[in-house]
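Could you build all of it, start to finish, from the sequences and the hints given here?
Heads up: the sequence lines are chains P and B, in that order. Quick note: the first sequence uses this note's numbering, first residue 29, plus one each step. Quick note: the second sequence uses this note's numbering, first residue 3, plus one each step.
The reader is advised that the hints may include incorrect statements.
[Stated by the list, open to error] DEER-style ranges, computed between Cβ atoms:
id	chain 1	residue 1	chain 2	residue 2	range
1	P	His-121	B	Thr-439	35 to 43 Å
2	P	Asp-277	B	Thr-556	29 to 37 Å
3	P	Asp-277	B	Lys-326	37 to 45 Å
4	B	Leu-375	P	His-121	43 to 51 Å
[To be verified] These stretches of chain P come out as covered by chain B in the derived footprint (C-beta under 8 Å, 3 or more residues):
id	stretch
5	43 to 54
6	134 to 146
[What the hints assert, rightly or not] The calculated lysine-lysine pairs, modelled on DSSO-like cross-linking and capped at a C-alpha distance of 27 Å, are:
id	chain 1	residue 1	chain 2	residue 2
7	B	Lys-313	P	Lys-205
8	B	Lys-268	B	Lys-492
9	B	Lys-268	B	Lys-517
10	P	Lys-245	B	Lys-555
11	P	Lys-245	B	Lys-492
If you are wondering where the hints come from, they were derived from the structure by calculation, not from laboratory data. Note that CB positions come from ideal geometry on N, CA and C, so glycine has one too.
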Amino acid sequence: MYDILIIDDETVINEAVVKIAESEGYKIDSCNNAIDGLKKLKKNQYKVTLCDIMMPEMNGFQLLNEVQSEGINTNVIMITGFSTVENAVKSLHMGAIDFIPKPFTFDELISSISRGLEFYNLQERIKNSQIGQDEDSIIYVPCPPKYMKLGNTSWMHIEYEGAAVIGVTDLFLRTIKSLSSVELMAVDDVLIQGSTCTTLQTEDETPHNIMAPIGGKIVERNEKLLENFSLLEKDPYFEGWLYRIIPADIEYDMKYLVPCSTERV
Amino acid sequence: MKRFKQKFNKIALKLIIAVGITTAIIISIYSYFNLQSQNDTLLSEFERHANQLSNTIIKSTRTSMLAYDTETTHDIINTIGEDKCIREVRLFNKSGKIIYSTTPSLIGTMVDKNAESCDGCHSSDRVLEEIPIDERSRIFQLNPDSSRIMGLMNPIYNEPSCWEADCHVHPKSKKLLGVLDITMCLKEVDKAQRESTIKLIVLALTSILVLSLLIGFFVKRWIDDPVSKLMLATREISAGNLNYSVKDLGNDELGILGRAFNTMTKKLSEARMQLFQSDKMSSLGRLAAGVAHEINNPLTGVLTYSSFLLKRTKNNPEMQEDLKVIVRETMRSREIVKGLLDFARQSVPKKHNVKAREIIDRAVVVVNNQLILKHIELEKRFDPDLPMITVDADQIQQVFINLIVNASDAIENDNGKIIFSTSLTNLLPYGMTQIKTAFCPKKHNLIDNEIKIEAMPTIKLKAAAAKSSGQINLDPIYGKNRHQYNLQIKPGEDVHVSCPRCDISLIDEKVQCPKCNSQIFTFESPPNGMFEGCTNINCDWQRWMSVDEGGQKTYVKIIIEDNGGGIQPEDLSRIFEPFFSTKGQKGTGLGLAVIWGIVDNHNGTITVESEIGKGTKFTILLPVT
Numbered sequence: 029m030y031d032i033l034i035i036d037d038e039t040v041i042n043e044a045v046v047k048i049a050e051s052e053g054y055k056i057d058s059c060n061n062a063i064d065g066l067k068k069l070k071k072n073q074y075k076v077t078l079c080d081i082m083m084p085e086m087n088g089f090q091l092l093n094e095v096q097s098e099g100i101n102t103n104v105i106m107i108t109g110f111s112t113v114e115n116a117v118k119s120l121h122m123g124a125i126d127f128i129p130k131p132f133t134f135d136e137l138i139s140s141i142s143r144g145l146e147f148y149n150l151q152e153r154i155k156n157s158q159i160g161q162d163e164d165s166i167i168y169v170p171c172p173p174k175y176m177k178l179g180n181t182s183w184m185h186i187e188y189e190g191a192a193v194i195g196v197t198d199l200f201l202r203t204i205k206s207l208s209s210v211e212l213m214a215v216d217d218v219l220i221q222g223s224t225c226t227t228l229q230t231e232d233e234t235p236h237n238i239m240a241p242i243g244g245k246i247v248e249r250n251e252k253l254l255e256n257f258s259l260l261e262k263d264p265y266f267e268g269w270l271y272r273i274i275p276a277d278i279e280y281d282m283k284y285l286v287p288c289s290t291e292r293v
Numbered sequence: 003m004k005r006f007k008q009k010f011n012k013i014a015l016k017l018i019i020a021v022g023i024t025t026a027i028i029i030s031i032y033s034y035f036n037l038q039s040q041n042d043t044l045l046s047e048f049e050r051h052a053n054q055l056s057n058t059i060i061k062s063t064r065t066s067m068l069a070y071d072t073e074t075t076h077d078i079i080n081t082i083g084e085d086k087c088i089r090e091v092r093l094f095n096k097s098g099k100i101i102y103s104t105t106p107s108l109i110g111t112m113v114d115k116n117a118e119s120c121d122g123c124h125s126s127d128r129v130l131e132e133i134p135i136d137e138r139s140r141i142f143q144l145n146p147d148s149s150r151i152m153g154l155m156n157p158i159y160n161e162p163s164c165w166e167a168d169c170h171v172h173p174k175s176k177k178l179l180g181v182l183d184i185t186m187c188l189k190e191v192d193k194a195q196r197e198s199t200i201k202l203i204v205l206a207l208t209s210i211l212v213l214s215l216l217i218g219f220f221v222k223r224w225i226d227d228p229v230s231k232l233m234l235a236t237r238e239i240s241a242g243n244l245n246y247s248v249k250d251l252g253n254d255e256l257g258i259l260g261r262a263f264n265t266m267t268k269k270l271s272e273a274r275m276q277l278f279q280s281d282k283m284s285s286l287g288r289l290a291a292g293v294a295h296e297i298n299n300p301l302t303g304v305l306t307y308s309s310f311l312l313k314r315t316k317n318n319p320e321m322q323e324d325l326k327v328i329v330r331e332t333m334r335s336r337e338i339v340k341g342l343l344d345f346a347r348q349s350v351p352k353k354h355n356v357k358a359r360e361i362i363d364r365a366v367v368v369v370n371n372q373l374i375l376k377h378i379e380l381e382k383r384f385d386p387d388l389p390m391i392t393v394d395a396d397q398i399q400q401v402f403i404n405l406i407v408n409a410s411d412a413i414e415n416d417n418g419k420i421i422f423s424t425s426l427t428n429l430l431p432y433g434m435t436q437i438k439t440a441f442c443p444k445k446h447n448l449i450d451n452e453i454k455i456e457a458m459p460t461i462k463l464k465a466a467a468a469k470s471s472g473q474i475n476l477d478p479i480y481g482k483n484r485h486q487y488n489l490q491i492k493p494g495e496d497v498h499v500s501c502p503r504c505d506i507s508l509i510d511e512k513v514q515c516p517k518c519n520s521q522i523f524t525f526e527s528p529p530n531g532m533f534e535g536c537t538n539i540n541c542d543w544q545r546w547m548s549v550d551e552g553g554q555k556t557y558v559k560i561i562i563e564d565n566g567g568g569i570q571p572e573d574l575s576r577i578f579e580p581f582f583s584t585k586g587q588k589g590t591g592l593g594l595a596v597i598w599g600i601v602d603n604h605n606g607t608i609t610v611e612s613e614i615g616k617g618t619k620f621t622i623l624l625p626v627t
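Have a look at this one:
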């Protein structure tokens with residue numbers, strides 16, 4: 029049982045990731061192409077798989093498809109040098125749990141890996157609760173059925189025509205440590221779907237970037253959250269909203285969102 | 003040979019040759035006939051003169067003849083025959099016997115009746131008296147070298163005094179008594195003829211030459227020079243220099259052609275610019291994708307290792323400082339690559355409120371080493387009371403860094419200087435403000451969401467010209483005039499505009515365009531009052547009173563000046579084009595294109611002024627919100 033598998037055709041990146049993961053005490057395996065990676069995934073159990081998108085022969089999206097269709101139990105995090113928001117959104121839509129644009133820092137990598145591992149633990153606990161072994165607590169609060177979400181990271185709710193509220197899912201918050209601060213963008217700033225809309229700092233000094241579920245112009249931000257960021261953890265879907273925005277192209281963005289009613293973990 | 007052929011192929015030379023040949027032919031024909039008639043007149047005059055002389059001889063010998071005084075007759079004839087011009091005088095009777103002659107040896111001999119000189123009378127059986135003077139004369143040459151000779155025969159008729167004379171030589175029945183034949187040399191006549199021929203030829207040649215020269219001069223001035231200017235222009239244009247314009251060629255057809263040529267070049271240049279704008283997006287997109295992927299992988303190595311080291315050396319403050327620089331600058335590289343991608347896909351910058359001077363200071367820190375190495379002095383003239391600007395600090399920092407690097411590249415001497423100055427400026431909304439609402443007097447919405455200019459909905463108006471009707475889509479930016487016409491309008495023609503839904507006229511009869519006196523149209527654009535524009539398509543007048551009053555927009559003006567080599571005037575308009583570089587192998591030609599894209603994405607403008615040898619000045623205007 030490994031914690032992490034890194035698949036990248038660039039040796040220097042493989043080595044760096046291995047070094048960093050090992051320094052944090054994770055058990056990590058690596059390989060430099062997707063075909064070998066798939067073989068490894070079938071053979072061994074990995075909690076988290078870091079996978080480059082652009083690789084020869086078989087690319088990251090193809091591997092992600094294989095993982096989904098074969099039902100391999102691993103959380104895929106996409107990493108790519110072609111770091112466009114489209115790729116990020118597409119990755120989450122296809123079932124990856126996160127997207128790290130290259131080049132990334134130590135913190136960014138560790139924050140994403142730790143969330144992936146935590147997410148894996150959550151999944152295990154859910155499985156256990158379903159078979160009746162772990163009933164003592166609510167594992168997470170699912171987002172309301174009328175909401176839409178991008179991956180398992182952020183949610184969006186259309187309040188009335190032309191205005192939407194966005195926020196962070198409880199599932200995401202459960203994968204990170206307690207918050208130490210929240211940064212919000214300014215009113216009139218413009219969001220793009222998949223770009224970072226807020227950075228949550230946790231007590232372990234790790235920043236976690238939240239991708240915006242839809243693009244648009246910020247017309248209001250939750251000032252209460254700046255005073256009391258624990259609102260986010262207490263009530264992520266109502267009191268803990270982030271921004272009220274005017275969507276730029278909601279029809280286009282909606283293609284990559286999934287309704288919360290069909291939640292899958 | 004080729005050169006000669008080229009010369010010959012010139013219109014001017016062809017024209018000169020054609021005109022020269024035509025005048026030569028005309029003057030030759032004229033001269034020929036003129037010479038002929040002159041000769042004829044001269045000869046007939048000479049004939050008359052000879053006839054007169056002959057009559058004089060007959061009359062002067064009359065007395066001696068009547069007296070049958072042969073001696074005196076001889077004397078008279080000989081005396082007259084002494085004249086240089088008179089070659090021979092003969093008198094012979096009707097049977098052809100020579101009775102008197104200036105050549106005594108011939109006296110008594112018979113003339114040859116079959117000789118040519120006798121043809122005049124004897125071939126035609128006519129009576130000599132009836133024969134006109136020019137048929138009695140003959141012109142001949144004794145040998146080819148000698149001058150021509152004219153012979154003239156004059157009949158001597160019988161009269162009462164002849165048959166009544168005492169000598170009784172001639173009976174009354176005779177009608178013709180004899181013939182006086184006088185031959186005179188035509189030397190003088192020939193000489194006069196030669197002289198006048200030479201005169202005429204000289205005159206003809208001179209006039210051909212003068213005419214050719216005159217025509218050559220005017221052809222060169224009116225045709226050759228303008229045509230070669232046009233040729234030069236076409237060569238420049240085909241070589242890609244679309245800034246070249248033909249100098250004023252006057253008001254004739256070539257002048258009009260020159261102006262039309264300039265208009266065409268201008269349009270071509272605009273079209274090329276537009277083409278570039280769209281083309282650069284796709285080519286930059288492809289390039290950025292490749293660059294991003296290629297650069298991001300090595301950058302990942304640098305960033306992961308350096309940030310890893312930063313974590314591991316927490317108790318080594320000295321190393322921490324250096325490592326922080328590596329991490330920070332690698333992060334900046336990451337933003338640059340990302341910016342390239344953003345520019346390529348025209349995405350919206352991540353804006354925050356910052357002070358312009360902070361961004362400039364940060365930019366200067368990055369390139370400071372390069373400036374010190376090149377001994378370039380950097381002067382900052384900052385306005386201390388500048389408001390914050392809402393910009394993507396990373397992108398704007400990149401703009402400044404690129405401009406400083408460009409400036410330092412342009413500086414080659416040792417006393418290089420770059421001046422940064424910031425100030426606040428107010429500009430009119432003309433050319434900046436978007437028309438977002440438009441209604442006809444009956445409150446029909448005129449905004450057209452289907453036809454857009456630069457992604458902004460246009461204002462749709464129904465239009466009717468003299469021969470065509472259709473619609474006009476107005477540019478939604480006040481003062482920019484990039485309207486789309488879906489009908490045919492002649493230049494200078496007034497167009498009638500109305501609401502496309504209710505056809506109510508939008509023309510304001512009371513007001514005339516202050517610029518061209520054409521009619522103006524008007525519509526309401528709440529909440530900003532009435533919008534007015536000129537109906538003449540050649541006129542760019544527009545007025546939006548309440549917006550103009552509402553005033554000027556505030557911009558932060560940032561000027562970066564250097565005293566480097568400057569930019570060639572022909573390059574100046576192209577420097578913002580992608581892949582245009584004057585640095586050869588050193589540059590990618592993307593720097594200024596990216597800058598332009600960034601500033602444009604911030605709703606700002608960037609302009610450049612440059613003078614060779616004096617330096618270059620970039621002016622950036624960023625809106626204050």
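Consistency of the hints with the structure:
| no. | hint | in the structure |
| --- | --- | --- |
| 1 | His-121/P x Thr-439/B: 35 to 43 Å | 38 Å, holds |
| 2 | Asp-277/P x Thr-556/B: 29 to 37 Å | 31 Å, holds |
| 3 | Asp-277/P x Lys-326/B: 37 to 45 Å | 39 Å, holds |
| 4 | Leu-375/B x His-121/P: 43 to 51 Å | 50 Å, holds |
| 5 | 43 to 54 | holds (count 5) |
| 6 | 134 to 146 | holds (count 3) |
| 7 | Lys-313/B x Lys-205/P | 19 Å, holds |
| 8 | Lys-268/B x Lys-492/B | 19 Å, holds |
| 9 | Lys-268/B x Lys-517/B | 23 Å, holds |
| 10 | Lys-245/P x Lys-555/B | 22 Å, holds |
| 11 | Lys-245/P x Lys-492/B | 45 Å, violated |
Hint 11 from the earlier list is the only one contradicted by this structure; the remaining hints agree with it.
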